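Residues per chain are reported as follows:
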Amino acid sequence: MEYVVQQALNALSIGGEYALLALGLAIVFSVMGLVNFAHGEFITISGYTMYALFIFAAPTSAWGLLPIGILASITAAVVFERLAFRPIRNAPATTGLLTAFGLSIIVKNFFVTVVATRSKAVPTPEFFTEMITIGTINIQVLQILEGAVTGVALMLLLILLRHTNIGLAMRAASTDFNTVRLMGIRANQVVLAAFAISGFLAGLAAIFIIARRGAADPFMGFAPVLKAFVAAVLGGFGSLAGAVVGGFALGIAEVVFQVVLPESIAGYRDAFVFLFVGGLLILRPQGIFGQSAQFGDKEG
Amino acid sequence: MLSVDLLSVSYGAIRAVREVSLRVEEGEIVALLGPNGAGKTSLISAVIGLVPVASGKVMLGDVDITRKKPEDIVRLGVTMTPEGRHIFGDLTVDENLRLGAAVRKDKAGVKKDLDELLAMFPILQERYNSRAQTLSGGEQQQLAIVRAMMSRPKLLMLDEPSLGLAPQLVEQIFQLISTLRDRGVTLLVVEQNAHEALLFADRAYVLSTGQIRFEGAAGELAGSEDLMAHYLGIGAETGAPDAADAAKV
Amino acid sequence: MRPYLRSLAGGAALAALPIIIGVLIMLFASGSQVRVTNIFFINLIVVLGLQVTMGNSNVANLGHISFMGIGAYVAGILAIPIAIKSTILPDAPFGLSVVEYGPFAATLVAVAVTTAIAFVTGLVITRQSGIAATIVTLAWLVIVHVVFVNWMDLTRGPRALYGIPLSTNIVWLMFIAAAVVIAARVFRDSKSGVQLRASSEDLHAAAAMGVNVRWLRLWAWVFSGAIIGLGGVMYAFLIGSMSPKSFYFETTFLTLAMLILGGMRSVSGAVIGAIMVTVGFEFMRFIEGAPEILGVQLPQIFGLTGFFLGGTIVVVLALRPDGLVGNEELDEMIERRIARRRMRARVAADG
Ligand SMILES: Nc1ncnc2c1ncn2[C@@H]1O[C@H](COP(=O)(O)OP(=O)(O)OP(=O)(O)O)[C@@H](O)[C@H]1O
Ligand SMILES: [Mg+2]
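Residue numbers (this note's numbering), protein chains in the order written: chain A, 167 to 466; chain B, 1140 to 1388; chain C, 480 to 830.
With the rest of the complex left out, here is chain A (with noise of 0.2 Å):
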């Protein structure tokens, strides 16, 4: 029993973290048509950016790196909107692609050439790691955050979707960027809006991500936004309920076979999961929410 509600609480967590990538992706996708590839810098650059705030201005608490983090994911979403994203904006989508792909070669090398390639320790407050003992179950704060912290991030993000005008054009825009700007929306300030957006959702990642794993490096952010794409894939790509939907669904299965593979060959976790959403995009290949009528839509 115990053990069952410590991996349904993991899968949980692993989830929510999938979702909050694969709801950034989303967004991007849904409101200009971008894949952006280099989505996982924006983890990377929060983790440098609060490793180096902790090596030069040497705060007191680790509490403090926590905001700093989320904002220069921010950041760096936005300007990279404004500096790569935007001369390409009416491009075919595999432009954009390959575009956000260069960028995340470059940032990767740019830690490497500017910090190492080996990763640098960043502290986050150690109440994360903290557990707490509900009846027979010991669970770690972190598990209880991610899950809550998800949940208030979706909530908030509904609430803007549904009862903002920002919101509301975004959401209009996945189907119809012209006739938004015969609103008199400013075109410029929904896709701003989106990547501010999933640059928030993907600090708030990097935070879980640099919590459990307590460094940086210049890889750090491939490996969970390549799980977040094929979350986002398997929900339908571009639908934001299959964003989170998928992510979560990836969280569990990830999970899963994480229980059932024998010791011997765990290390084929990934590959596992993978073959699995593949087995799953035979039966569905428009993914969980995807409509089939899209098939070429967006494409270049």
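No lab work stands behind these hints, which were simulated from the structure alone. Bear in mind that the values here come from a model prediction, so they are computed numbers and not experimental data. Glycine is no exception: its CB is placed at the ideal position from the N, C-alpha and C atoms. None of the hints are false.
Chain A side only, calculated, beta carbon under 8 Å to chain B, not exhaustive:
1) L334
2) R337
3) A338
4) T341
5) D342
6) N344
7) T345
8) R347
9) L348
If you want a taste of the chain A side facing chain B, the calculated C-beta under 10 Å gives, among others:
10) R328
11) N331
12) I332
13) A335
14) S340
15) V346
16) G350
17) R352
18) A353
19) N354
20) Q355
Keeping the supplied structure of chain A fixed, place chains B and C with the ligands upon it in accordance with the hints.
Below, chains B and C with the ligands alone, put in the same frame as chain A:
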């Protein structure tokens, strides 16, 4: 209010609009007629900034709006309903209308306009919380027009508001257009339904293969079988010469 | 000229380029330059394979290096002499520890295995629309990498697999690269290639014309897998050793940058891009190694080559999204230019 001067629009090698000049005075309803592919949509899209202007000038009062972005032009009091009812299908009627009023700051005024317009369109009131996708074609067209009205435009350009509607609904839409004029809106209406449009319009322009072929009082055009037949292919048995030309553009 | 012959001629003209480079290097260059050229030929083969899918279907493929790895590992494992295998791969499955193939047989089997795997993965990937397909290709790269790293008995895991007899050289590589140039060009101009390119511009129209886009994409994917697998085999026979890292992101970035710089829509683009990125990359590597230039000792800068590749991709896409060469093959471009000049001359003569 709006004056277009020697405006041209090109898509690569295709010259969709060729040195067109046109004026819309305050309080007028102006009809812009012409066969398929004449360049009507291109012309008003260029006015609102959705497609680039190749050459020429567009003035709104004494403000040059030639190469402004659509969002900025809308903020100056011009708006347009795109051809083929581009309502936001995933959003509810309510959300569509809220987006329509997105640029306005006067909350009270928005509320008042909303109530008034919904009173005029009871069906939208009824379906207020439905996804716009689920509305019928005619209802969607009404929604598109009401949504445009929510920004309280001084000049409203409608691109084929009667497209795909049953005759009875066409009637209703044109009725609505004259009501809008009574509310102080100036209108530029692109239409294929020449007869109906001319009943309500003050003046008309006929566009064909990207050029103005006629301009004058609506009555003059409507009253002349010759003109109608020649430019719009209406009433003549041989069909429309210009429409055939247009196909080759 | 018949279209088939025309594209064969165009391909042959382009294939002269690697031959010329190979011959010049053999005649005049130093040992290290020969090594760089050998690697260049292998990268060229891989880039051409990538062009076959990505260039014709316009769906970005980020998993192509997996096939290079599969080709290299299969050929390597088959070709390692039994004596060496008994120490480094004593527990190899399928009785492989007592198998020793010559280079030709190993090449054949490796390419066949790669092709078969490409076919199976292609069934999944070609069911996806463009963007989802790209993500699935990336996931595929990771799957293959995970298998290389974890299947200790077969691959030695993260440690190097070595002892592969060196069975290729610049002459072989040069001719294989030239042949692949021609093959890629003929594919591009073949009925399938033309239909695939048309469908990449307008999927719905192509489907309406009765073109089975999925089948075409599958065919291109499998053909591409075979070419890249061959590139991997050549890698194994050239270097004699490998580890999973050889077939992961660095090579992916490198070959992508080559294709994008030259322009993925044409085979000429792939060739030109491969040449230019190789030159640039070697230069960056030289700088990275902290050389002394004109008496000034440069500092060691890690990551410079990565910077260069990423920068190449971003800058080219922003300024010249179709790459240096663009949509047309070089020979087509030259021909059109000549035709236009002739036309102009005729008009001038008439007037
Ligand atoms: N985005 C575009 N790219 C290329 N050509 C275009 C584009 N939009 C319109 N055209 C061409 O420009 C010409 C004018 O088109 P436009 O849509 O302005 O005509 P229209 O008068 O609105 O026709 P309709 O009554 O059918 O709506 C046509 O020949 C059309 O094919
Ligand atoms: Mg039109």
